[in-house]
Amino acid sequence: MSLLSVKNLSVTLRGRPVLRDVSFDVGQGELVGLIGPNGAGKSTLMRAALGLIPSQGASSLAALPRVLRARQAAWMPQSREIAWALSVEALVTLGRMPHGQRGTVADRAAVDAAIARMDLDPFRNRTATRLSGGEQARALIARALAQETPLLMADEPIAGLDPEHQIATLDTFAGLARDGHGVILSLHDLGLAARHCTRLILLVKGGILADGPPAQVLTDDLMARAFHIRAFHADTPDGPVFQPTQVIR
Amino acid sequence: MGRIGTLLAALTAMIALAGPASAQGHAAPMEPSAVPLPVQPQRVVSMNLCTDQLAMMLAAPGQLLSVSHLAADPRGSAMAEDAKAYRINRGLAEEIWLMQPDLVIAGSFSTRATVDMLRRLGVRVVILRPAYGLDDIPDRLREMGTALGRMDAAEAAVTDFNTRLTALRDEVARRPRAALYYANGYTSGDKTLAGEIIATAGFTNIAAEAGLPSGGHLPLEVLAMAQPEAVITGRPYPGASRSEEVLDHPAVQALRNTSVGAVLTDRDWICGTPHVLRAIDDMRNTRRRMEAE
Amino acid sequence: MKPLMLILVPLIVVLCLSSLVIGPAGVGPVESLRALVAGDEGPLTLVMREIRLPRMILAVAIGASLGLAGAAMQGYLRNPLAEPGLIGVSGSAALGAVLSIQTGLSAAFALALPFSALAGAVIAVLLLLALAGPRGGSLTLILAGIAISAMAGALTSLVLNLSPNPFAANEIVFWMMGSLTDRSMLHVWLALPIMVVGWALLLPLARPLEALTLGEDAAASMGINLVRLRWQVVLGTACVVGAGTAVAGAIGFIGLIVPHVLRPLVGARPGPLLITSALGGAAMLLAADIAVRVVLPGRDLKLGVLTALVGAPFFLHLVWRTGRTPV
Numbered sequence: 001m002s003l004l005s006v007k008n009l010s011v012t013l014r015g016r017p018v019l020r021d022v023s024f025d026v027g028q029g030e031l032v033g034l035i036g037p038n039g040a041g042k043s044t045l046m047r048a049a050l051g052l053i054p055s056q057g058a059s060s061l062a063a064l065p066r067v068l069r070a071r072q073a074a075w076m077p078q079s080r081e082i083a084w085a086l087s088v089e090a091l092v093t094l095g096r097m098p099h100g101q102r103g104t105v106a107d108r109a110a111v112d113a114a115i116a117r118m119d120l121d122p123f124r125n126r127t128a129t130r131l132s133g134g135e136q137a138r139a140l141i142a143r144a145l146a147q148e149t150p151l152l153m154a155d156e157p158i159a160g161l162d163p164e165h166q167i168a169t170l171d172t173f174a175g176l177a178r179d180g181h182g183v184i185l186s187l188h189d190l191g192l193a194a195r196h197c198t199r200l201i202l203l204v205k206g207g208i209l210a211d212g213p214p215a216q217v218l219t220d221d222l223m224a225r226a227f228h229i230r231a232f233h234a235d236t237p238d239g240p241v242f243q244p245t246q247v248i249r
Numbered sequence: 001m002g003r004i005g006t007l008l009a010a011l012t013a014m015i016a017l018a019g020p021a022s023a024q025g026h027a028a029p030m031e032p033s034a035v036p037l038p039v040q041p042q043r044v045v046s047m048n049l050c051t052d053q054l055a056m057m058l059a060a061p062g063q064l065l066s067v068s069h070l071a072a073d074p075r076g077s078a079m080a081e082d083a084k085a086y087r088i089n090r091g092l093a094e095e096i097w098l099m100q101p102d103l104v105i106a107g108s109f110s111t112r113a114t115v116d117m118l119r120r121l122g123v124r125v126v127i128l129r130p131a132y133g134l135d136d137i138p139d140r141l142r143e144m145g146t147a148l149g150r151m152d153a154a155e156a157a158v159t160d161f162n163t164r165l166t167a168l169r170d171e172v173a174r175r176p177r178a179a180l181y182y183a184n185g186y187t188s189g190d191k192t193l194a195g196e197i198i199a200t201a202g203f204t205n206i207a208a209e210a211g212l213p214s215g216g217h218l219p220l221e222v223l224a225m226a227q228p229e230a231v232i233t234g235r236p237y238p239g240a241s242r243s244e245e246v247l248d249h250p251a252v253q254a255l256r257n258t259s260v261g262a263v264l265t266d267r268d269w270i271c272g273t274p275h276v277l278r279a280i281d282d283m284r285n286t287r288r289r290m291e292a293e
Numbered sequence: 001m002k003p004l005m006l007i008l009v010p011l012i013v014v015l016c017l018s019s020l021v022i023g024p025a026g027v028g029p030v031e032s033l034r035a036l037v038a039g040d041e042g043p044l045t046l047v048m049r050e051i052r053l054p055r056m057i058l059a060v061a062i063g064a065s066l067g068l069a070g071a072a073m074q075g076y077l078r079n080p081l082a083e084p085g086l087i088g089v090s091g092s093a094a095l096g097a098v099l100s101i102q103t104g105l106s107a108a109f110a111l112a113l114p115f116s117a118l119a120g121a122v123i124a125v126l127l128l129l130a131l132a133g134p135r136g137g138s139l140t141l142i143l144a145g146i147a148i149s150a151m152a153g154a155l156t157s158l159v160l161n162l163s164p165n166p167f168a169a170n171e172i173v174f175w176m177m178g179s180l181t182d183r184s185m186l187h188v189w190l191a192l193p194i195m196v197v198g199w200a201l202l203l204p205l206a207r208p209l210e211a212l213t214l215g216e217d218a219a220a221s222m223g224i225n226l227v228r229l230r231w232q233v234v235l236g237t238a239c240v241v242g243a244g245t246a247v248a249g250a251i252g253f254i255g256l257i258v259p260h261v262l263r264p265l266v267g268a269r270p271g272p273l274l275i276t277s278a279l280g281g282a283a284m285l286l287a288a289d290i291a292v293r294v295v296l297p298g299r300d301l302k303l304g305v306l307t308a309l310v311g312a313p314f315f316l317h318l319v320w321r322t323g324r325t326p327v
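Residue numbers (UniProt numbering), protein chains in the order written: chain A, 1 to 249; chain B, 1 to 293; chain C, 1 to 327.
Rather than coming from a laboratory, the hints here were simulated on the basis of the structure. A portion of the hints provided could be inaccurate.
[What the hints assert, rightly or not] Coverage of chain C stretches by chain B, computed from C-beta distances (three or more under 8 Å per stretch; other residues unrestricted): (1) 21-28; (2) 48-57; (3) 93-104; (4) 160-171; (5) 180-194.
[As the list claims (entries may be wrong)] Negatives, chain A to chain C, calculated, CB over 10 Å: (6) 29; (7) 66; (8) 67; (9) 83; (10) 84; (11) 124; (12) 167; (13) 222; (14) 225; (15) 227; (16) 235.
[What the hints assert, rightly or not] Here are some chain C residues pointing at chain A (derived, C-beta under 7 Å): (17) 18; (18) 220; (19) 308.
Beta carbons are placed, not taken as given, at the ideal position from N, Cα and C, and that holds for glycine.
One chain only, chain A, in its complex shape (with noise of 0.2 Å):
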């Protein structure tokens, strides 16, 4: 089943075209990396399919009402901005608003599933902008999980931590994409991407360039036309390994 559907979607900011008719889908289990370039449009894209910005094309989540919408995908931005001293727990309970008031049963249960499942169960109570960077990743991540969306989608999640946060943010949304849900994340880091997404969509310069399992998408010719590089790739028991090495001039 298809949870995001974007048919010739463009936008286009202060009259310059920054997205040229994209169209894809992503249903149940995928876990969805986009990438491409600084500046080829993987934020816009996303803010523009869950119609967060103006587009032209169709996205089946911008055509939805504003509540349905935020039943249907949830949003991490990348600033990872919490601008009071919440506790943990009050934060995670934020992503519950589109269900209606806070305090029911279901609320507290999909609070409590979120914040387990980020083992944030110790840092419940602590105060959620003195934790460190990676903590309070985690907890953002709680708090779309508590949204209790079908669809996740994050921009660069995975920016500005350190390997072992890295990895275990990864994993976390390759498990959720396991479970049935989509997941939808901007990355930077090829090698990870290659590792853990079940599909990637190579931006350039707004349109896409090549939609499809990481092997068909990172090969030679593809990360030569969109990111002027040279990459070193190998099957391995541990799964693929993918390491650019050299600027191509």
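Given chain A's structure and the hints, the job is docking chains B and C onto it.
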């Protein structure tokens, strides 16, 4: 030399502290401050509302050159019509200097800097204190007469004032309680000009029983509780102000409805001149009306 | 009811009663309250109903408005320094009020006074959002606020100086510092309805402001209508600050101190902080208005003097902390 040239000369004089010697632009030589006052100064400039009025009353024809702009304002001046015959000044050293006065009369609240500058420029400045009561008025008249060299006119005015004042004093059986209530909730005590005006007219001022014998801020609720028989408020100035808004407060309105609530004409009450007799007369008539009711 | 309410509401009741029985007339509390309720048309009834009651009502309403506006602006801008007085909204409202008084508009049409103040406040809030919107930092906000305050203050002084009324020129202090002395029921009826509209706009913002903790994008993705939120904050703040300033002048720092003190008690959540700050603001302004009567009776000490003396150290503390850790 034009006006600007004269002004430049004045500035030069000021900066060099050279005194009157450098004021060549003047037709009449300036008197150094040490020289005694001329018997009758001929170019007199007054720069205070109250000295304006005293000077207009006592000056010989042609002796008084200029009065302040306040003297020409009928809202505050009892002699606004008379003031039209004189040049108007705004109390600025520069304009007064250009009038080449041989005497400047200022009040003790005139801008200190202006008076000092005029004195540095060698202009004779006489300062008159305000009248704080009816007894001060003859003194002020005499002081003004001395300054203008018009002692006889002053004595005549004093005699006239005393005669009329005595005639206004009634034998009063009952003294109605009155409140003086001005903008910002201020009141005047007994030892003020306004306090003596209503006392002479036969009223008791509630300021003393409110614990303000010399006046000050009279809280609105103290006024309301005192229940005066007459509330005497200032006539509002044009253009609104919050300070005067309190005079229209429902509590004051309620007092007006139950009392006579005379509106005072500010110009007769402001300065210690014989015009206060008019204010006393008005208030006496108000009291007589109250007693008649 | 939550424990915090159980403290704030009785506190307000006690302060209201104190406000009613404290005054220069020096009448016993029981007698005063009996005169207020029974109403025998004597002078004491007049004092209670026309002088002390409106003063108490205005202290509650304006205090609640300032606390609420502070909490709402801080929640919206995600900045603990946002306060209607500090960032020029009150000053601009004062300018609007002064203009309507000095042009004679308010004399011709009584409601022109609060509406002009409201208009001044709207312009200031819009200008602030344009200069230092949610994406602008604390520094931008404070600098924009200083500029707007300075401009509004200068224009207010100018208008008052041009007035033909000799008293007007000295009233800059009232407009800059605020006072509840000698207000009447008329002022209550002018300001209260507009403040109620403002409360109705601001109090329902609890959920949107909570969501905004995570930033605008995240809030929008949770179903919050950002455009509507923005207008509700602008108009709600302008209503409460405009109406309050029109009758009592600009009273600063309440919108800063009250949310700052109460924030830790509501777990830093911007939603519950709204109603809590409204109650806290009412309590604080009542207390301040009692204090100006007790500390310097008969001197009409301006409220803003007191609130600034208490509030400025808080402000410095906040400036010190801003940018170090989220508050």
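Decide, holds or violated, for the assertion that all CB atoms of chain C are farther than 10 Å from the CB of residue 222 of chain A. 30 Å, holds
Under 7 Å is the threshold here; is the Cβ of residue 220 of chain C close enough to any Cβ of chain A for the hint to stand? 5 Å, holds
Determine whether the non-interface label on residue 84 of chain A survives the test: each CB of chain C must be over 10 Å from its CB. With a cut-off of 10 Å, residue 84 of chain A comes too close to chain C, as the shortest Cβ separation is near 4 Å.
Chain B over the segment 48-57 of chain C, status - at least 3 residues with CB closer than 8 Å: holds (count 3)
Go through the hint on residue 18 of chain C and say holds or violated, using the shortest Cβ distance to chain A against 7 Å. 34 Å, violated
According to the definition I'm using, a residue is off the interface if its beta carbon is farther than 10 Å from all beta carbons of the partner; does residue 29 of chain A meet that for chain C? 22 Å, holds
Over 10 Å from every CB of chain C: does residue 225 of chain A meet that, or does the non-interface label fail? 31 Å, holds
Find the nearest Cβ of chain C to the Cβ of residue 167 of chain A and say whether that gap is larger than 10 Å. Given that every Cβ of chain C is farther than 10 Å from that of residue 167 of chain A, nearest at about 25 Å, it holds.
Would the stated hint for residue 308 of chain C survive a check requiring a Cβ distance to chain A of less than 7 Å? 26 Å, violated
Quick check: the segment 21-28 of chain C, covered by chain B? Criterion 3+ residues, Cβ under 8 Å. Per the Cβ count (4), the hint holds.
Chain B covers the segment 93-104 of chain C, three or more CB atoms within 8 Å, holds or violated: Held - the segment 93-104 of chain C has 3 residues with a Cβ nearer than 8 Å to chain B, which meets the minimum of three.
Hey, is residue 66 of chain A genuinely clear of chain C, shortest beta carbon separation above 10 Å? The assertion about residue 66 of chain A is violated, with a minimum of 5 Å to chain C.
Violated hints, in rising order: 7, 8, 9, 10, 17 and 19; the structure is consistent with all others.
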